[in-house]
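> Take a look at the letters that make up each chain.
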Amino acid sequence: MASSSLSNASLAQIEALLVPNAQSSGQSSEFIPQLYYALHQVKKDPNSSVNSLETATSSIRHRLKQCKSHIAESEECRALLSKTPEEWEAALRQRQKDLAVKQQVFARLERQIRDLGDH
Amino acid sequence: MSTSTGHRNPGPDRSDSVENPLSKLQVYNDICEFEDTLGKLVASVDRFNPDLELARALIEADKQLYKSLECLPKYDEIDTRAKTLDEEHRDTDEKTIRILETLTECGSDLNALPMLEQVEFERETMLKQREKVFTDVLLDYAMKLAKFTHVPPTFDKGTVGPNNFVWPAEDAMRRGMLAIASLRASEGANAQEQQASSEQKTSEKSSENEEAQTDIRSPDTKEEPVARRPSFGFDGSGAKDHESEKADDDIDLDLDLFNSEEF
Amino acid sequence: MIHAEARQRSQTPHSPPMSDAYAETLGQMICLLQEYKPGLVTLENITRLCKTLKLESFTDNIDNETIRLSTASKIIVIDMDFHKSDKQVKDVKLVLASNFDNFNYYNDGDNGNILFNSLSCFPNLQTFYYNLRFLTTLDTHSNIETEPGIAAKREKLDLFKYFTELPEYLRAYFKDISIDLDIKTNVDNRFGVYLTHNDKAVAQVGIEECQDHDHRFYEFGYRSSGWINESPDNVTTGVILTLQFYDINMHIPKEAIPHDLLLDWDAQRPYTIVNHCRSTPVSNDFTSTLVPATKFNISNENIELLGELLQWAGWWQQILHPVLQIIKCPAPAPGNETKRRSSSNSTTISAQRRSSATRRRRSSQKGRRPSMNESSMVKDGVVPEFSLSEVMSQPVLEDEDPSEPVDLALNEEYIQLGPGSRCDIHMGVHEWQEFLTKLKGCVA
Chain V
1 MASSSLSNAS LAQIEALLVP NAQSSGQSSE FIPQLYYALH QVKKDPNSSV NSLETATSSI
61 RHRLKQCKSH IAESEECRAL LSKTPEEWEA ALRQRQKDLA VKQQVFARLE RQIRDLGDH
Chain L
1 MSTSTGHRNP GPDRSDSVEN PLSKLQVYND ICEFEDTLGK LVASVDRFNP DLELARALIE
61 ADKQLYKSLE CLPKYDEIDT RAKTLDEEHR DTDEKTIRIL ETLTECGSDL NALPMLEQVE
121 FERETMLKQR EKVFTDVLLD YAMKLAKFTH VPPTFDKGTV GPNNFVWPAE DAMRRGMLAI
181 ASLRASEGAN AQEQQASSEQ KTSEKSSENE EAQTDIRSPD TKEEPVARRP SFGFDGSGAK
241 DHESEKADDD IDLDLDLFNS EEF
Chain A
1 MIHAEARQRS QTPHSPPMSD AYAETLGQMI CLLQEYKPGL VTLENITRLC KTLKLESFTD
61 NIDNETIRLS TASKIIVIDM DFHKSDKQVK DVKLVLASNF DNFNYYNDGD NGNILFNSLS
121 CFPNLQTFYY NLRFLTTLDT HSNIETEPGI AAKREKLDLF KYFTELPEYL RAYFKDISID
181 LDIKTNVDNR FGVYLTHNDK AVAQVGIEEC QDHDHRFYEF GYRSSGWINE SPDNVTTGVI
241 LTLQFYDINM HIPKEAIPHD LLLDWDAQRP YTIVNHCRST PVSNDFTSTL VPATKFNISN
301 ENIELLGELL QWAGWWQQIL HPVLQIIKCP APAPGNETKR RSSSNSTTIS AQRRSSATRR
361 RRSSQKGRRP SMNESSMVKD GVVPEFSLSE VMSQPVLEDE DPSEPVDLAL NEEYIQLGPG
421 SRCDIHMGVH EWQEFLTKLK GCVA
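Residue numbers (the UniProt record's numbering), protein chains in the order written: chain V, 1 to 119; chain L, 1 to 263; chain A, 1 to 444.
Extracted from the complex, chain V is given alone in its bound form:
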């Protein structure tokens, strides 16, 4: 099984469900190829009662539903994906600034204590 390059497990799950990977083609998630092949089979035998496009594409629909419920259930996923990357950049920049302020406070305390100690 090829491992995902994504370190966040939640995102990796989405990728595993939707993005086809040539190495792990056992569980194929290539929707369009599956669809056109299914259409081909329907075309060959349109009157078969068992061979409807619905049944042939049920695995696709199942995957899509799986992915949707995964996103809906994973708070981490939702939180991450509810902002655009641009919005995230801004949020992270702010968080970085906040961190710098905290670190300055800490450094000042350190300095003051050290100065006290020197007396």
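There's no promise every hint is true.
As the list claims (entries may be wrong) - Restraint-style ranges between C-beta atoms, simulated for each label pair:
no., chain 1, residue 1, chain 2, residue 2, range
1, A, P270, L, E70, 35 to 41 Å
2, V, L92, A, Q433, 53 to 59 Å
3, V, D115, L, E88, 23 to 29 Å
4, L, P114, V, L116, 19 to 25 Å
5, V, A90, A, N64, 55 to 61 Å
6, V, S48, A, C31, 21 to 27 Å
7, L, P114, V, R108, 29 to 35 Å
8, L, E77, V, R108, 29 to 35 Å
9, V, L92, A, E24, 53 to 59 Å
10, A, A172, V, S48, 52 to 58 Å
11, L, R123, V, R108, 38 to 44 Å
12, L, L103, V, L92, 29 to 35 Å
13, A, D182, L, L85, 55 to 61 Å
Unchecked claim - Away from chain V, derived, C-beta distances all over 12 Å, residues of chain L:
no., residue
14, E124
15, V137
16, V151
17, F155
18, S186
No wet-lab data here; the hints were simulated from the structure.
Note that beta-carbon positions come from the ideal geometry of N, C-alpha and C, so glycine has one too.
Position chains L and A relative to chain V; hints supplied.
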């Protein structure tokens, strides 16, 4: 905020009809759009009415979906950075809290200690107090001790008797200097009441009267020869100035051996 | 419920028309989806692709290391060997069941095996699909004797052979009519005959399926200085010979070519000749409207149009279009992808090019709401923005202009600059360039 692709008919589990937060997720909306279009396409084929336009729409939905999915690595990187930042925040918070806690502890510890000046003042006062021994305390203590002590068997009680008292006998005391001084003090006081304005020792007298004690000193004693020994204070300071002696007496001389009211 | 009823209906003897249309639409759907995303390079996807193109496929274990996927049709047999370990392609061989063993499936230039490269150099099967479709088209529509004993068909045309001979015919033809273009077979891992100028691809000649399954395709070769069909028995059906130009701005005079030969023209978007150049008056001497067209059917006798078309293309690209751009004539905006396609499935290239052009244009329009606000009009470029210093620094136009404005007359086949200079379609490239330089000097 991320925009959702234009959907025509919200399906049963379409995000904007059920859960609002999900409608902000581009990927979620793209999946829904793909799902819907696929469903319509499949239905049209199974109903023997295949619609080529739906195939084109599906291709567009697929393009959109995979375009959104291309952002996953970016989100992953953002996630890693966010987690690192969170950790750094936590670290810094922890360090700062530790310092503040320690400082607070030290502060309370220091506050619990008494102040140096106060300590010194208390010590001095205590020492000064210790210098003076209150006679009633002393007598009480002696009385208490007396309850639990007895005369040593080797002690000859005979040696303690009126003849051996170190102090003068009562009648001797009545005729002694203290008694005379005391009599004269009361005479002098009466005399002074008559000559209030001319006497310059009113301050001394008033201080005596404040004490409300029979003062062993009268203005006359000042005329006593210097040879007379001043009274002792227990701090062994010996001869003291008359004024300061007076001051001392006023403060603490409780040695009321002779109380004219009693006798 | 509905499905069952519909199926009942289709099973009645009166159903053929519906199921034909049904199958046809499904076929188009499949084509659409396959062109878009044929899939990643996996054994499963390749097998499915072959099946949809009506090829028989089977796999065979060659040895411990190798697995072979063989796919075959009437004539072609393709053997694709894969490493068992990593499923990567090891080798690809093409064999024709006909007696023609000279079929070239290698790149011009680097001599790479284009079928092998299709499976190893690309992340998905798009190139492989293109090539496979090309081969199956030739296979399906070749009339050849494949099995001895069967009554020999009178009509014979081996398209593989024809495709191989075509470049030589073209070379001879171009030499005779002085067309300065190189001919290359199979470039960039794609089957085809490519016409290039200074290593830049100008057009492509191909054999494609057409919608009319009965369309007769005769074998025309350039022999004895002419395009000749040696025998009417050298014929097949259902294919056409196509010429596709890469210049997406290509326009032709509407009346120049019979409309049934225009495979992707759009009558709705003529090139309107408008002069936006302030200094030069232009007289419109056009006798025909220019319409966009890049793909042509040059089957059978129409192959003789090849010379005209290539000459027109040169004229258009090197003179006429540049002149129109000099006078700032606005090009018509590309329309929707659903243009009238009179026959043949478009090749991947034309579809890609067309769609990329339309998509690009559409995305630039997306989100732009018309605004009557002056500042946004300025931003949108509708109203030109000037600052006071700009206005003051512009040179004052002298009323007495020493040089007279030069009159420019435009016709689809010639351009007249002033009284003395003229350039027409029949001149040489050298003269065209000279004229263009002169024109650029005259026009502000």
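> Under the constraints set out in the numbered hints, which ones does this structure not fulfil?
Going through the list in order, the structure violates no hint and respects every one.
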